[in-house]
Amino acid sequence: MNPSLDMALHQEIESVVALLDEARRSAEPGKWMAGLQACDRVLALIDQADATAKAQAAAAPTPEGASADAGAHKPAPNLAAARSTLWLKRGHLCEAAGTAEAAAQALECYGRAIASIDGLTGPGPTVGRAVAWMNRGNVLQRYRDEKAWLEAVRCYDQTVGWLGTLSDQGKVDAELAGMLGAAWMNRGSALRRFNKIEQWDDALKSFEQSLGLFQQLAAANPALTPNVVAAWGGRAEAKMALGEPAEAARSHSQALATLRAFSEKTGQQLEPWDYADINFQLGQALAQADDTEGALRELRVVLALIAADERDEVPAGILGLRARHAICVILGAQLTVAAKDAGELRAEVGDLAEDGLALAAVWKERGEEELIGGPGLGLRLFEFGAWLYRTQQPQFLAEFIGEHLGEVPGPRAQVAAQVLAQAKQEILQRPLPNLTSAEISRTQALIEGLRALETRLGVGTTARVAG
1 MNPSLDMALH
11 QEIESVVALL
21 DEARRSAEPG
31 KWMAGLQACD
41 RVLALIDQAD
51 ATAKAQAAAA
61 PTPEGASADA
71 GAHKPAPNLA
81 AARSTLWLKR
91 GHLCEAAGTA
101 EAAAQALECY
111 GRAIASIDGL
121 TGPGPTVGRA
131 VAWMNRGNVL
141 QRYRDEKAWL
151 EAVRCYDQTV
161 GWLGTLSDQG
171 KVDAELAGML
181 GAAWMNRGSA
191 LRRFNKIEQW
201 DDALKSFEQS
211 LGLFQQLAAA
221 NPALTPNVVA
231 AWGGRAEAKM
241 ALGEPAEAAR
251 SHSQALATLR
261 AFSEKTGQQL
271 EPWDYADINF
281 QLGQALAQAD
291 DTEGALRELR
301 VVLALIAADE
311 RDEVPAGILG
321 LRARHAICVI
331 LGAQLTVAAK
341 DAGELRAEVG
351 DLAEDGLALA
361 AVWKERGEEE
371 LIGGPGLGLR
381 LFEFGAWLYR
391 TQQPQFLAEF
401 IGEHLGEVPG
411 PRAQVAAQVL
421 AQAKQEILQR
431 PLPNLTSAEI
441 SRTQALIEGL
451 RALETRLGVG
461 TTARVAG
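Residue 267 in the numbering used here sits at position 267 of the sequence shown; the count goes up by one each step and never skips.
To be clear, the hints were calculated from the coordinates, so they are not data collected in a lab.
Don't take every hint at face value.
[Unchecked claim] Label pairs and their calculated CB-CB ranges:
| no. | residue 1 | residue 2 | range |
| --- | --- | --- | --- |
| 1 | T292 | S26 | 34 to 40 angstroms |
| 2 | A219 | A100 | 18 to 24 angstroms |
| 3 | G402 | E146 | 54 to 60 angstroms |
| 4 | P411 | E146 | 26 to 32 angstroms |
| 5 | M33 | D201 | 42 to 48 angstroms |
| 6 | S26 | E370 | 38 to 44 angstroms |
| 7 | E175 | A100 | 31 to 37 angstroms |
| 8 | R154 | D355 | 31 to 37 angstroms |
The C-beta atom is built at its ideal place from N, Cα and C for all residues, glycine as well.
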């Protein structure tokens, strides 16, 4: 290749790589299209340069005594590496588009990036393969398909394998060790998607490999500490899935301690929900480990941490609803067996359910319910509250349902119809001759309240008694 053309092509490649990076950061469709077009143009120039070199190699005489393959053209390493880089950057841009079609294009780009440096040796091509395999795995694990997840795991295995060869040669620096830690982390995340025991066991090993690497790296570079926290979290999730909640709780505790130490050491101010999310997971693990008091302590910490933000910040809003429901479930179980302090328990769980439903209403009234995951979290609190008042304070059941029913028809209306049917059946089973006049009056008032709700729901209100 002409030296001046080689230099010009080199400059063109660098310019397009910068253009692709800028396009990905901008998220502007016009810049994305310009980046893709420029990339395709330069890839064509590289193919042209490679074809010219191939023709020159074919025209050159074969030295006497050399094999027929000796003069065969092989792509110049610098051209192959440039081609691989451009395909990789093109894949990044396609992946960032976030559509199924773009994801398929990204996978093709990463495959071409790998193929472009096939057969090349040395640290550069080895790292190039590792990066491309990692990116390919990242795309695949976002699919809702077990075959894609299996392929994602294979991709991360390739990344680990290629980086392992450099490690064996003593050529892995902190940056490459961080990439290796990320590969193990992502491998665990892909296996987590199966949610099956055999994959969870393998995922645990991956998270622990990642944890060990990031702990070493974070000792020298505190900026990597969030990766340590994430690895502890992955380990905890795997331990929970494998039926070891006490060990999961220990991992969450380590994650929380690590995050606090990171903030104190670096002076970096984290959001309250960064801590509260771990507190919530710790509370759930402690509950599964039968440490009820510990679980309640952590869940109440969650509510304290996010109290000022739960009406405005999405993570805080979600945690506020989830923590209230979790506390309600724990205290509700206690309420079914405890005679002592039953009144205090009823008051606390009633307030928690009411406050949670009021919080859900705030997000709904602003038209932002989908930001907190839709109506599901509010529905769970509504179900709990309906159970609470039906079984513990039926005189307030109609009032509770009427206040929090929402649209009819709607998901809460379905729950309400079922609860009302249960309440009506329980009333019919009461031995009326044994009731006092005051109890009969309260029962009649309850029935009238239920009938009004049934009318609102559009369900039958007539109960037939045999005979």
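The hints, checked one at a time:
{"no.": "1", "hint": "T292 with S26: 34 to 40 angstroms", "in the structure": "violated, 51 angstroms"}
{"no.": "2", "hint": "A219 with A100: 18 to 24 angstroms", "in the structure": "violated, 41 angstroms"}
{"no.": "3", "hint": "G402 with E146: 54 to 60 angstroms", "in the structure": "violated, 46 angstroms"}
{"no.": "4", "hint": "P411 with E146: 26 to 32 angstroms", "in the structure": "holds, 30 angstroms"}
{"no.": "5", "hint": "M33 with D201: 42 to 48 angstroms", "in the structure": "holds, 46 angstroms"}
{"no.": "6", "hint": "S26 with E370: 38 to 44 angstroms", "in the structure": "violated, 27 angstroms"}
{"no.": "7", "hint": "E175 with A100: 31 to 37 angstroms", "in the structure": "holds, 32 angstroms"}
{"no.": "8", "hint": "R154 with D355: 31 to 37 angstroms", "in the structure": "violated, 48 angstroms"}
Comparing the model with each earlier hint shows violations of hints 1, 2, 3, 6, 8; every other hint is respected.
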